[in-house]
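Student: Sequence:
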Amino acid sequence: MNYKTPVSVLVVIHSAALEVLLIERAAHPGYWQSVTGSQEGDETLRETAVREVAEETGIVAAADALVDWQLSQQYEIFPQWRHRYAPGVTHNTEHVFSLCVARDTPIVLAPDEHRAWRWLPWQEAAEACFSWSNRDAILALPTRLATD
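So the sequence shown is numbered by UniProt numbering: it starts at 1 and just counts up by one.
Treat the hints as calculated values from the structure; they're not laboratory data. Among the hints, a few may not be true.
Unchecked claim - No farther apart than 20 Å at their CA atoms in a straight line, the calculated lysine to aspartate or glutamate pairs in the EDC-like style are these:
{"id": "1", "residue 1": "K4", "residue 2": "E47"}
{"id": "2", "residue 1": "K4", "residue 2": "D112"}
{"id": "3", "residue 1": "K4", "residue 2": "E40"}
{"id": "4", "residue 1": "K4", "residue 2": "D64"}
{"id": "5", "residue 1": "K4", "residue 2": "E94"}
{"id": "6", "residue 1": "K4", "residue 2": "E55"}
{"id": "7", "residue 1": "K4", "residue 2": "E76"}
{"id": "8", "residue 1": "K4", "residue 2": "E113"}
{"id": "9", "residue 1": "K4", "residue 2": "D42"}
Assemble the whole structure, with the sequences as input and the hints as a guide.
Tutor: Structure (structure tokens):
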């Protein structure tokens with residue numbers, strides 16, 4: 001079995017007006033999130049972020065359009081997803097990126113992964129996320145953008 005690598009990216013996609021794109025997991029209705037995904041092979045974190053954004057939203061972003069926050073967080077992998085990782089792996093290290101796009105950018109979901117998408121003001125988006133790390137990244141968005 002090919003196990004997932006316990007290193008991933010979180011990409012907060014937002015508009016210039018700080019509206020945040022959230023996508024709802026297909027297998028877990030009500031689980032809203034930003035783009036996430038595990039590193040594959042010898043990809044750099046930036047390459048992982050570009051690939052995951054394209055796979056999950058259909059947005060083809062230039063690598064230099066993604067802002068690497070130079071922030072990583074380690075969290076416990078939810079029990080329902082541990083079977084995807086090698087036996088004994090219980091934690092994942094997530095690296096945060098952001099991507100600013102026009103709100104009218106076409107969104108094309110991968111239906112096996114996500115069932116719906118929506119734009120929300122950043123505060124509402126943070127409240128809607130099921131993941132604390134995603135929530136915290138969205139809450140930090142205005143400050144991050146002010147310093148970049």
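Student: What's the verdict on K4 and E76, does the C-alpha distance respect the 20 Å limit or exceed it?
Tutor: holds (14 Å)
Student: When you check the alpha-carbon spacing of K4 and E40, does it fall within 20 Å?
Tutor: holds (8 Å)
Student: Checking one constraint from the list: CA of K4 to CA of D64, max 20 Å. Satisfied?
Tutor: Cα-Cα ~26 Å, so violated.
Student: Regarding the pair K4 and D42, is the alpha-carbon distance no greater than 20 Å?
Tutor: holds (13 Å)
Student: What's the verdict on K4 and E47, does the C-alpha distance respect the 20 Å limit or exceed it?
Tutor: Measuring from Cα to Cα gives roughly 16 Å; hence the hint holds.
Student: What's the verdict on K4 and E55, does the C-alpha distance respect the 20 Å limit or exceed it?
Tutor: holds (16 Å)
Student: Would you check the hint for K4 and E113, treating anything up to 20 Å between C-alpha atoms as holding?
Tutor: With Cα atoms ~16 Å apart, K4 and E113 stay inside 20 Å; holds.
Student: Quick one, are K4 and D112 close enough, alpha carbons at most 20 Å?
Tutor: holds (17 Å)
Student: Taken at face value, is the distance from the CA of E94 to the CA of K4 at most 20 Å?
Tutor: holds (13 Å)
When held up to the earlier numbered hints, the structure conflicts with hint 4 and nothing else.
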